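Since the structure of chain Z is provided, determine the placement of chains U and D on it from the hints.
Residue numbers (our numbering), protein chains in the order written: chain Z, 1 to 252; chain U, 1 to 364; chain D, 1 to 410.
Derived from the structure by calculation, the hints contain no laboratory data.
All values reported here derive from a predicted model rather than from experimental measurement.
We put the beta carbon where it would ideally sit given N, CA and C, even for glycine.
Heads up, a few of these hints could be off.
[Stated by the list, open to error] To spell it out: a stretch of chain D is covered by chain Z in this simulated footprint if at least three of its residues, at any positions, have a beta carbon under 8 Å from a beta carbon of chain Z; those stretches are:
#1 57–67
#2 76–88
#3 159–165
#4 196–204
#5 210–220
#6 327–333
[Said to hold, decoys possible] Straight-line distance between alpha carbons at most 27 Å, and here's what the computed BS3-like set of lysine-lysine pairs gives:
#7 D:Lys78 - Z:Lys31
#8 U:Lys73 - Z:Lys159
#9 D:Lys124 - Z:Lys6
#10 D:Lys220 - Z:Lys27
#11 Z:Lys60 - D:Lys78
#12 D:Lys58 - Z:Lys31
#13 D:Lys220 - Z:Lys6
#14 Z:Lys92 - D:Lys78
#15 Z:Lys31 - Z:Lys143
[As the list claims (entries may be wrong)] Sample of chain D residues lacking proximity to chain Z, with all beta carbon distances greater than 10 Å (derived):
#16 Tyr342
#17 Glu389
#18 Arg390
#19 Pro405
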Amino acid sequence: MMRIEKVRPNLIKTIKDHIDAISVAAKQAVKPDRITIEYPRERRKYPDNFRGFIVFDKDKCISCFRCAHICPANAIVMEDYDNRYPSIDYAKCIFCHFCIDSCPTGAIKTSKVHDVAFKSLDEMCLHTTQITKIPEIVRKEEKYTVEYSVERGVWKLVKKRKLDNLEVEVPPPEVKVRKAACIDPESCLGCRLCKRVCPQDAIRLEECEVSPDLEITGTMCVLKIDVEKCTGCGLCVRQCPMQILVLEEVKE
Amino acid sequence: MFAEYIAYLFDLFTKNMVSIPLIQPIVDYLLQIPLINLIVALILWRPFFAVVIAPGLGVLILYLLYIVWFERKLTARVQWRVGPLEVARPIRGAIQALADGLRYFFQEAIVHNEAHRPYFIQLPILAFIPVLLPILFIPAGNVVGIKSPFAIQLIVSFIALIPVTVVAIGWASNSRFAYIGSVREAFMYFAYEVPFIIAVMSMIFLYGSGDPFIAVEKQTIPGAFLNPVAFIVFIIAMLMATSRLPFDIPEADQEIAFGPFVEYSGILFGLAMTLAYEKLYLMALLFTLLFLGGWSGPEFYLLGDLMPVIWLLLKTIVVISIIALVRSIYARYRLDQALRIGWTSILALSLVALVIGVIGAWLA
Amino acid sequence: MDEYILDVPVEPPKELRSLFIPVPPDYVEEAYRSDEFLILVGPQHPGSGHMRLIVKVKGDIIQEVIPDPGYVHRSMEKLAENRLYIQNIPLFERPAIMDAANFNLGYVRAIEEALDIEVPERAKYIRTILAELCRIGTHLYDAAILAVFIGHTTGFMWPFGIRELICEALVRITGARFTSSFIIPGGVRRDVDESTLRFVYDSTFAIERRLESFEKIFIKNPTVVARLQGVGVLTKDEAIKHGVVGPFLRASGVEYDVRKVEPYEMYDELTWDIPVSDDGDGYSRFLVRVNEISQSLSIIRQCIMRMEEGRVISDQICENGKEIRGNFFDALGNIVLPAGEYTTLTEAARGLLLYTVISDGESNVPYRVRIVTPGWLYLKGFMESLRGERLADLQAIYGSFGYFPPEADR
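Bound conformation, chain Z alone (with noise of 0.2 Å):
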């Protein structure tokens, strides 16, 4: 360890460090180190995987819903259009971007945009039809695009005369592709909840024995998965009430 010594004051060092505190100062009021960025006028400049506003892509969707599922501040709501697209309430959003980084397909993505702000609590939850893109910045002073740069011990401020673009292009997550399948066909209860909760309709009855109109001959019901339509959401394997499906994965 390191032992910190007392300090003990005499007069000549204090004399001394006067004139250090004072010189410093005069130093800085003659020539400043000044860093300040000057908000709207200029911009900063933010790596890619910056956490700003999320931006949602609607053609790589496939309803997973597992950005729902990981929000820590349950922000995102499913919205029913022709398929259930994410909607979010950046009231409660923390911009953690577990939902970024829970999406298999990388449908929902982020961008450089910071500036989330609104004028009413209403305004703030939004729909899935206003995060298709990144909202537009109107600003006619917006000129600058600065930049912190620190080069041999010196630490300033850069201002470049072009603006950033927002937008944040990533290559898709590289997730290996997994499909659905029933590991205990025998335990299967015949509850259809599987077949009703899939999005792509990929489950269907194959041969029952149960059913109102006919006499009941046996206890057995097969439902099928079809791996063509699968997409591998895994909505089907929360919903089981006897946890017999599982999502594998595809052996070429």
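Relative to chain Z, chains U and D alone:
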């Protein structure tokens, strides 16, 4: 009878007018017109000019506008910031103090239940009396309000009355923090008053009289070099008297939430805040008279009597602008440490200054 | 000095009877009867943070201080019982927001201990860099608050300016300025690239250079030294008896740092020192933290120099070693810890941080999470150090301890 009275007044004014060769033709023309000549003569009458325009109330208001903006900008520059900028962006925010003052006019001045109502409301206004009276005595060349051979002593005694009003303000507020603040103000008054008076006395010894005209005449080299110890003592006493950092103790805002002025709001708060700045102006004027040569400087023919006034004001503004830097360098001392400084180190230095002053008087 | 007692009957003011304050009414009456008075340095005071201090003052000397914390209590421990294990990570990094990485580390290490996950080396280096950056940020914030409590406005603005460079470094690594939720069981969420590491390396030199002028104007300033030296002295025995932790314990002469006693992450493989002082007054508490900043800067430089290529996420969690994007929910969404109690100790910037996670073995939410923050641990020592000091020193001692109410209240 009325006309005689006016003629008497007109005579009184024209005998003692400020002479500025630049605008003399206009003044001569205006003096012919019957009623306006009285008003113009009044404005250019030396005592009136000194008290109301310069170096009196008119310059005081301009100075307040300037110092609030300048101090904030200078402190911001040292602290890696920009300071007030948005109010009038093309001139870099220079009328920020005006915007603040206007805001105080529109704010409600709340008088709380426990306060002693007449004193609470009237004291910030009454506190201006000892601050504005010394302006009568400060000369700038020939422009002076009341010419007196004891002007410097009178100014010092008026300055000694100001802390009494601050203590009274804290007492009238009837609140716990205001009480602690006014007790601290009383303690600080004890700390700086004696060294301050001794420093001024040493300069009076050096010059031989308390008349500012004689003081400025005798400064062939500025008083700062004649008696540097008194120079340092005066600066430190100035910091203590106007509650500037590092001796911000009665108005410590982190510990006792603004001290005696804690319960004020609205226009009363605006008046209370300017009190410290006006005291600084006054003490800086005295400082310039005693140590920097007052109004002496190269004469410019066209401006005549106005030139010494301009020199005096320029030197004062330079002094105040440099003192404003101290705010960003130091932290705040504790009360007992400030008292110890006032009664040991500064008192000793001021006695040394007194000795130098006496030796200087004996040599001359 | 003789004391003269004036027997003037004084009634306590009305407000002390009508407000709810946690002292019994006869304490209040007794204080007023015996020539002392009570000052409430309350939650709405320019120099108190979000807590109330009830100060019993006799003349100018403080007799006793009773704290009234709890104004920022957000019941984090109860909230954690209803959220998935992974959803508690943003919850538990928010007590002390500048120190988010250390708070994250404590919780995530408890989960890793339960599930027996092995963290790859590159992830450990990145976690150490984040923890040290947050430690520097917190020490700068505390120095700024100390400066504003003793009236030094330049000393308040400059550390916040230097912190801006640290926040820029954190943005380039993680994407968020401080509460980044970047540390997850098994590693970190994304990898860092070369140019970002170069920026962090260069910025350590820039921070040191700016700290030199800060040292001249604030740390060695004679008014600051006069204000802080010899106030609020805690001797070594008193500090140990009252349970003080962290740099405040090290300023009283005890050589204890969790990173040396029970090392975690990469601390046992790097060379660094812990600063210790023997005086125990306010100035040495401040100097210990200033020296810790330079130690942290050297740790960051060593980490960057030694870091090698590799995975950042453990292969027990996910196959893709570079980032968790796309697999976050499937890998960590529904983890269930085996039944039992798992405890970790971490050295947060202000002291020792204790996390205990209790699981019942079946549910994907924790049964109980207990977190003891350093602010709560040294509150008693802080109150004891105020006895016998002047009233004006209350703020100076508060600043030298760096008490942060949201961290103590959770």
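Open item on the list: Please check whether the region 76–88 of chain D has three or more residues whose CB lies within less than 8 Å of a CB on chain Z.
Closed with: holds (count 5)
Open item on the list: Just want to verify: Arg390 of chain D was marked as not at the interface with chain Z; is every Cβ pair farther apart than 10 Å?
Closed with: Holds, because the least Cβ-Cβ distance between Arg390 of chain D and chain Z comes to about 20 Å, which exceeds 10 Å.
Task: Hinted pair Lys220 of chain D and Lys6 of chain Z, Cα distance within 27 Å - done: holds (13 Å)
Task: Annotated coverage of the region 327–333 of chain D by chain Z, confirmed only when three residues or more have a Cβ within 8 Å - done: holds (count 5)
Open item on the list: Would the hint linking Lys60 of chain Z and Lys78 of chain D be met if the CA-CA limit is 27 Å?
Closed with: violated (38 Å)
TODO: Take the region 159–165 of chain D, compare each residue's beta carbon with every beta carbon of chain Z, and decide whether three or more fall closer than 8 Å.
DONE: holds (count 3)
TODO: Evaluate the condition: distance from the CB of Pro405 of chain D to the nearest CB of chain Z exceeds 10 Å.
DONE: holds (21 Å)
Task: 8 Å C-beta test of the region 196–204 of chain D against chain Z, three or more residues - done: holds (count 4)
TODO: Quick one: work out the minimum CB distance from Tyr342 of chain D to chain Z and report holds if it exceeds 10 Å, violated otherwise.
DONE: holds (21 Å)
Open item on the list: Next pair to validate is Lys124 of chain D with Lys6 of chain Z; report whether the Cα-Cα distance is within 27 Å.
Closed with: Distance of about 37 Å is beyond 27 Å: violated.
Open item on the list: Tell me if the straight-line CA distance from Lys58 of chain D to Lys31 of chain Z falls inside 27 Å.
Closed with: violated (49 Å)
Task: Outcome, coverage hint (the region 210–220 of chain D, chain Z; C-beta under 8 Å; three residues) - done: Our answer is that it holds, as 5 residues pass the Cβ test (under 8 Å) against chain Z, meeting three.
Violated hints, in rising order: 1, 7, 9, 11, 12; the structure is consistent with all others.
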